[in-house]
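Generate the whole structure from the sequences, applying the supplied hints.
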Amino acid sequence: NAGVTQTPKFRVLKTGQSMTLLCAQDMNHEYMYWYRQDPGMGLRLIHYSVGEGTTAKGEVPDGYNVSRLKKQNFLLGLESAAPSQTSVYFCASVGSGGAFGEQFFGPGTRLTVL
Amino acid sequence: GQSLEQPSEVTAVEGAIVQINCTYQTSGFYGLSWYQQHDGGAPTFLSYNALDGLEETGRFSSFLSRSDSYGYLLLQELQMKDSASYFCAAISSGSARQLTFGSGTQLTVLP
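Those protein sequence lines, which keep their order, are chains S and Y. Here the numbering used here = 1-based position in the first sequence + 96. Here the numbering used here = 1-based position in the second sequence + 243.
The hints are simulated quantities; they were obtained by calculation from the structure and are not laboratory data. The model shown is predicted, which means the values in this text are computed figures rather than measured ones. Please note: incorrect hints may appear among the correct ones.
Under the rule of at most 25 Å between Cα atoms (straight-line distance), these lysine to aspartate or glutamate pairs were calculated in the DMTMM-like manner [said to hold, decoys possible]:
1. S/Lys105 to Y/Asp282
2. S/Lys153 to Y/Glu248
3. Y/Lys324 to S/Asp122
Here's what the structure looks like:
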């Protein structure tokens, strides 16, 4: 099993450009999450999904959109990138039978917006 | 909403015991999780407490006191590889199992 994978690993964007980050998991997990982590800070929840076809806003959703068309994939979109969105983005997932406090994280996508 | 506070840095020597504290202010609190993150890496789950008391997992233990809105992570027999950031995270009582993370504690283990 590959676990949670994220594509791409690195990306540099210019202000105003758009992009989509892909998260994929092969553990048949129901719950999936997108976080951002800024230097010296904890992770902040952007959006999450409790199942295929469902999404909801987290703590910092502005400037991002998500979609969960397939159970194994969770996409994060930046419609018009801003320098404030320079960050490391982590995806995580957990199954409904898993421990409540445990999430499995992908390796992260390092995004720089110039 | 939820907010968590933990020390920004802790330093200890190899073989020692270190305790990382976490206090929280929350609504809809289910429990407290702990994660480890090495530089440039992904967070990895260490432990969680849904009930008051101590949970032991090898060299790592975690404690929760709901009445004091307080928890801690205890690391014993410290090794150099334990140098990393440690995050406490409040688990939401909602069905989505959201986590709200503290800002992290950078642990440095000295030889």
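Quick rundown of the hints versus the structure:
For the given pair, S/Lys105 sits about 15 Å from Y/Asp282 by alpha-carbon distance, which is consistent with the 25 Å threshold. Annotation: proposed proximity of S/Lys153 to Y/Glu248 holds, straight-line Cα distance about 24 Å (limit 25 Å). Restraint check: the Cα-Cα separation between Y/Lys324 and S/Asp122 comes to about 29 Å, which exceeds 25 Å; the hinted pair is violated.
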